[in-house]
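K.L.:
Each chain, letter by letter, is given below.
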Amino acid sequence: MHKKSMQGHKTGGFLSRLFKIKLLAGLWTGKLLLIITRLSGRGGTTLPGRIAQKIEPKLTSYLASLLPSGTLLITGTNGKTTTSALLSSILKEAGYRCINNQSGSNLSWGIASSLVAETSLSGHLREDMAVMEVDEGALPGVTGSMKPRGITITNIFRDQLDRYGEVDHVLQKIKTGLDLQPQDGFEVINADDPSLTGIQAGQHKKRWLYGLELDLPEDTFENTGRDMKACPHCKEELQYEKLFYAHLGHYGCHSCGYKRPKPDIRLMKASESVNGVTALQIELPGETAEIKFPLPGTYNFYNLLAAVATAKALDIPTTLITSALEKSVPSFGRMEFFEAGGKTIIIALIKNPVGANEVIRTILNQSDKVNLLVAINDKIADGTDVSWLWDVDFEQLGLVKDSFSGLYASGLRAWDMAVRFKYAGFDPGQVSIEENTEKAVRSALEVTPPGSKLFILPSYTAMLEIRRTLNKMGLGKPYWEE
Amino acid sequence: MAGIKIYHLYPDHLNLYGDRGNMIALCRRAEWHNISIEVVPVRPGDKMAFSQCDLLFMGGGQDSDQQMVAEDLKKRSSELSSAVEDGMVIFAVCGSYQLLGSHYITGSGEKIGGLELINLYTEAGTKRLIGNAVINCSLWYPTKTLVGFENHAGKTYLGPGLKPLGQVMIGHGNNGTDKTEGAVYKNVIGTYLHGSLLPKNPWLTDFLLEKALAYRGQDFIPANLDDSLEEQAHNAFIKLAGSKKHKRMSTRA
Chain V
6 MHKKSMQGHK
16 TGGFLSRLFK
26 IKLLAGLWTG
36 KLLLIITRLS
46 GRGGTTLPGR
56 IAQKIEPKLT
66 SYLASLLPSG
76 TLLITGTNGK
86 TTTSALLSSI
96 LKEAGYRCIN
106 NQSGSNLSWG
116 IASSLVAETS
126 LSGHLREDMA
136 VMEVDEGALP
146 GVTGSMKPRG
156 ITITNIFRDQ
166 LDRYGEVDHV
176 LQKIKTGLDL
186 QPQDGFEVIN
196 ADDPSLTGIQ
206 AGQHKKRWLY
216 GLELDLPEDT
226 FENTGRDMKA
236 CPHCKEELQY
246 EKLFYAHLGH
256 YGCHSCGYKR
266 PKPDIRLMKA
276 SESVNGVTAL
286 QIELPGETAE
296 IKFPLPGTYN
306 FYNLLAAVAT
316 AKALDIPTTL
326 ITSALEKSVP
336 SFGRMEFFEA
346 GGKTIIIALI
356 KNPVGANEVI
366 RTILNQSDKV
376 NLLVAINDKI
386 ADGTDVSWLW
396 DVDFEQLGLV
406 KDSFSGLYAS
416 GLRAWDMAVR
426 FKYAGFDPGQ
436 VSIEENTEKA
446 VRSALEVTPP
456 GSKLFILPSY
466 TAMLEIRRTL
476 NKMGLGKPYW
486 EE
Chain B
-5 MAGIKIYHLY
5 PDHLNLYGDR
15 GNMIALCRRA
25 EWHNISIEVV
35 PVRPGDKMAF
45 SQCDLLFMGG
55 GQDSDQQMVA
65 EDLKKRSSEL
75 SSAVEDGMVI
85 FAVCGSYQLL
95 GSHYITGSGE
105 KIGGLELINL
115 YTEAGTKRLI
125 GNAVINCSLW
135 YPTKTLVGFE
145 NHAGKTYLGP
155 GLKPLGQVMI
165 GHGNNGTDKT
175 EGAVYKNVIG
185 TYLHGSLLPK
195 NPWLTDFLLE
205 KALAYRGQDF
215 IPANLDDSLE
225 EQAHNAFIKL
235 AGSKKHKRMS
245 TRA
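Going down the list, the protein sequences come from chains V and B.
Residues 6 to 487 in this note's numbering are what the first sequence lists, from first letter to last.
Residues -5 to 247 in this note's numbering are what the second sequence lists, from first letter to last.
Possibly wrong hints are sitting among the right ones.
[Said to hold, decoys possible] Output of the computed footprint for chain V on chain B, the stretches with three or more beta carbons under 8 Å from beta carbons of chain V: (1) 18 to 32; (2) 70 to 79; (3) 182 to 191.
[To be verified] The list that follows gives simulated cross-link-like pairs (lysine-lysine, DSS-like), each with its CA atoms no further than 25 Å apart: (4) 68/B with 138/B; (5) 240/V with 69/B; (6) 239/B with 444/V; (7) 239/B with 356/V; (8) 68/B with 180/B; (9) 241/B with 356/V; (10) 69/B with 41/B; (11) 240/V with 41/B; (12) 234/V with 356/V; (13) 444/V with 241/B; (14) 157/B with 68/B.
Don't read these hints as lab results, they were simulated from the structure.
As the structure is a computational prediction, the values presented were derived from the model and not from experiment.
Where is the CB? At the ideal position from N, CA and C, for every residue including glycine.
Throw the hints in and build the complete structure from the sequences for me.
P.N.:
Here it is as structure tokens:
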């Protein structure tokens, strides 16, 4: 296979030598820092890339240019991590060697760290391509440096406002990112999200669309993020023929005639799931595929479609796509299962109202009593403003408050969560408050009866803490070893 | 049973910072105090009679929505103004709080007119004022604290005679310099605090319910509620907001 390396760098003479020296200095420092942060048990994800990038600012763009099959970026509010994982497993099935990043390192420094980790000391990369999930706010910068072949966008929901500003601002970042992509590239977007289909397609870029054609029960959750239901062109309120959840569905504008475009990749049927596996029927251009998909929830169907559409844009045969997806396992902290002495622990990251509501739907589908622990931190990666907890429809759980064998509020903002439970309809006496996540997990697990489930809903950094606790208890592996 | 009517202004547009939490707190506590409560969602262009309203709740909005809201509301400003003089309760958060004033000066120096209900104005700042905040509020004697989260680029200045909602103990407040936060005029309360504000400050929730009842000519007979959880959450927040260690964690990745 065609390999590029440092010898292939074009500029000759002194500048080229200086670049090589700075690049290697950045690379080696980054690699050393990776070792140090891992030894410290924390799996540092941003610092190595940050320092390496400081030593040689062109590091990311140079390393990306070494990848013969280019870069794919996945962005959007929810589903980035799972979509990236699904896509990577398809690419692996098709024989590509991919570089990936972790969701906690989806800003430019974290992406640089992931590249540094895979580059050899001499500055070579063995991989063919990079599949990187990118924070929406970082999309313009990362697109500028990595010049991706494909950009896949899952959806836009209201997220952590303290960090991003408003939804309008996020949309603007995504538009800028798409504008900066090379014109011979492709984009993959969710046809059911009007805020995305409203973005003008690049003139020469191929746009792939995916969407659901299912008949689902109407979304009865209180969704506060209705600010996205305005027509992207004339701002009138959109009419929905089908509304799957939040503002995703089959929409049209009575005022200007704008309507959902017909998707290239369509999910036509989803069976009742048996043991967590759903039989899906997907229509692709000129063919139909049947997939037995092991991940639960409508939101995971969207993740699957995004991965399928991206794979089709890369011309990967459908049989390979199907066989890869049937082997899917949950991503880092996304409905991840752990078994501990006959008890099941399920970790489901929550970080914004729409995502958290989807997790709540899964809890409501449980037939037996469950134990529930919600752990909320307010560090930068969690969002320092916990207002969003009030936009999550915890009232749906409060309506069935007797279905819980135990209820825990934990994390730096345990008290906020406890108050949220009270106002959602739970009895304050039902709620145990333990700020320390390790203690909370240990005592919640202890009182979970054998054969039943403990649902843990952590914010991002609370999830990292809880995974460390589980690792200590011999459950799962540190995330940088996975 | 005592009862009040709450107008929830433009719930589809003004709901940015967990404003739903404020409505949940008002409804829940009214229920616990045996006050019947009717919530009327008001949408742009709806005909609304402020004579029917006891408490008007206005949440925060995105910039793009804010302008639409301002245009729609200005058409009713004289009606609003007489209701305010009569003692109707308004609770306005963030962008809506700014809207209550006389004007907003944008970054380019353009002056946008407000509702002129209370004597304050806002000018665009260069740096967003973001973070946990604690204020000392003199709606009560002795004073009580209010805790919340602020996130605003606008800097608000109170005109002569207008009382702030409180003095800043932790955080930025109205403008980051004069240590005031929010404003109180008759039964109008404006604030930059969300988080959501009302659940962790139950005495403010009850204050709003009491004033709304009084405006309707009814007495507030508080039920004997156990607010210990809210109080502990309130106190835990004050401790957290004052902690240097926590500040480091929440300002650095």
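K.L.:
I'd like to know which numbered hints this structure contradicts. Please list them from smallest to largest.
P.N.:
2, 4
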